[in-house]
Amino acid sequence: MKLDRAALTLMPMHLHIDAAGRVLSAGSTLRRIVGDIADFHAAFEPVGPVADVSLPQLARAERVFLRSRADPAQVLRGRAVRLDDGGLVFNLGLGIGLVETIRRHDLTDREFAPSDLAMEFLFLHEANNAMMDELSQANLRLEKARRRAEAQAFTDPLTGLNNRRGLHLAFEALRQGTGSASAGQFALIAMDLDRFKELNDSRGHAVGDAMLCEVAARLRAITRSCDTVARTGGDEFVLLLPGIFDPAALEQLGRRIIRNIEAPARIDGAASRISASLGVAISSRYLRVDWGRMQADADAALYQAKRTGRGDICIAMGDRVDADGIPEDGGC
Amino acid sequence: MHGLVTRSIEHFARQTHGEAVWTAAARAAGVDPRGFELMGNQDDSAARRLLHEIAALVGCSPPELSEDIGAWVAQRSAIRRLLRFAGSDFAAFVTTLEELRGRARLVLRDLELPAISVAPAPRGWRITSDCDPVWLHALAGVLHAMADDYGVLAVIEIREGSILVDVPLVDFNEGRPFSISDPTVGAA
Chain A
1 MKLDRAALTL MPMHLHIDAA GRVLSAGSTL RRIVGDIADF HAAFEPVGPV ADVSLPQLAR
61 AERVFLRSRA DPAQVLRGRA VRLDDGGLVF NLGLGIGLVE TIRRHDLTDR EFAPSDLAME
121 FLFLHEANNA MMDELSQANL RLEKARRRAE AQAFTDPLTG LNNRRGLHLA FEALRQGTGS
181 ASAGQFALIA MDLDRFKELN DSRGHAVGDA MLCEVAARLR AITRSCDTVA RTGGDEFVLL
241 LPGIFDPAAL EQLGRRIIRN IEAPARIDGA ASRISASLGV AISSRYLRVD WGRMQADADA
301 ALYQAKRTGR GDICIAMGDR VDADGIPEDG GC
Chain B
1 MHGLVTRSIE HFARQTHGEA VWTAAARAAG VDPRGFELMG NQDDSAARRL LHEIAALVGC
61 SPPELSEDIG AWVAQRSAIR RLLRFAGSDF AAFVTTLEEL RGRARLVLRD LELPAISVAP
121 APRGWRITSD CDPVWLHALA GVLHAMADDY GVLAVIEIRE GSILVDVPLV DFNEGRPFSI
181 SDPTVGAA
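Residue numbers (UniProt numbering), protein chains in the order written: chain A, 1 to 332; chain B, 1 to 188.
Honestly, I wouldn't trust all of these hints.
Label-pair distances were calculated between CB atoms; the ranges are [as the list claims (entries may be wrong)]:
#1 A:G292 / B:E37: 49 to 57 Å
#2 B:E37 / A:S25: 36 to 44 Å
#3 A:S25 / B:F172: 34 to 42 Å
#4 A:A138 / B:R109: 13 to 21 Å
#5 B:V21 / A:L124: 18 to 26 Å
#6 A:T308 / B:E37: 56 to 64 Å
#7 A:K2 / B:R159: 54 to 62 Å
#8 B:A119 / A:M131: 31 to 39 Å
With a straight-line Cα cutoff of 25 Å, these simulated SDA-like cross-link-like pairs (lysine to any residue) come out [said to hold, decoys possible]:
#9 A:K144 / B:R27
#10 A:K144 / B:R7
#11 A:K144 / B:H11
#12 A:K144 / B:Q15
Computed list of chain B residues with no C-beta within reach of chain A, every gap over 10 Å [to be verified]:
#13 T16
#14 Q42
#15 A56
Simulated from the structure, these hints should not be mistaken for lab results.
Backbone N, C-alpha and C define an ideal beta-carbon position, used for all residues, glycine too.
Please construct the entire structure, taking both the sequences and the accompanying hints into account.
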């Protein structure tokens, strides 16, 4: 085969060597990448599937990979043809290392033959990155919106406490933990405010709402971070207290809550006083822990407490009672 | 219409004319003022109503507005870079505009840009398309922005359904620097 020098001008990544490996000509872009080279063997190490790397063998290979000895990270790929005089002409390309090579040598689009798809590859690479950025931002936005919607769905907008849905979710999480182990037991306290309706009627809804927020703040202050405090209706609240199941301790805690609620609150310039009644259900007193059952029992206990007088607390019996009707835990 | 297009209109309105203009225009056009999501297609007529409402609020015509949007979009750094990949000078950029549709499809298969053809004209080019005039005005805006970017003095006008690009001065100034490998070069 004979060499047509005109054809080489179309190939900015060509390499023409003689039979001894001396470089006769190299394309302008190739020179930018590997520098001015004089000897093929000194400049390149053939790598890849070809075991015999003699020049005649390289000319027979489907594809050759040449690693730069001066810069081993740089591998070029291409194909060679053997000329009549024993010399070789390579047409080389950058392969998958294109983006990296362009960055390292600050190449421009003028350095590639117009038939080369290098620019299209770069365009796609960049477009792909831009789209990924946009998409991950869109994902973040959606995730934030989802969290906000979720928080709203489980929150009482007036007080910021849990609403009924949030309470139910917390109850289910606690129920999973109730086995025989006492550590998983918990108490459910239903609470409603005494004399709240009078306050609402005499001083208006705004004062009533402020009082509800005050009660919420006090409940939050008196409970632990692992407790769940919910507002389930107008002046009705529910507390879930994990790990507390001793009736005497609950009675004491209940009295403390009532004292707290009874402390005068200064709202809209005037001191206001309300009280609260509590009904308690304890998970360890049930054979099967059930949301509807425990809630109904706590409510019934709450009405019992209200009947005996305002500002009182009553604990539901549950299932586990002995022959005399006394709860197995011996409590009140 | 692709979510990218409607979202571009939204972001243009918000960033250039403010949240109040966007909210008022969205309400009047019957579009969710919280904005569009990126992917998926939107109703074409919603985009058209939005353009009219925004134009009315800022006191220009819908064609003028879509030209502004085209110029604004071409100046977003990611888009500007992708546009600059089309050619190393303004002449190469304009003559390869016919490829724009194919390039867009390569990136997003459902992003439908109109087909356009570019023919040489004395001192410039004539760009024609049988697309909606709104697109043509947006493209004129893109051309304005890119002429500045390449540092070319170009007169761009729309006459009888085509864009005339007249370039009296090729090397007007240096334009904005650009490197195909380094996104920080020429970034705003």
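Problem - Hint check, failures only - result: Per hint list: 1, 2, 5 violated.
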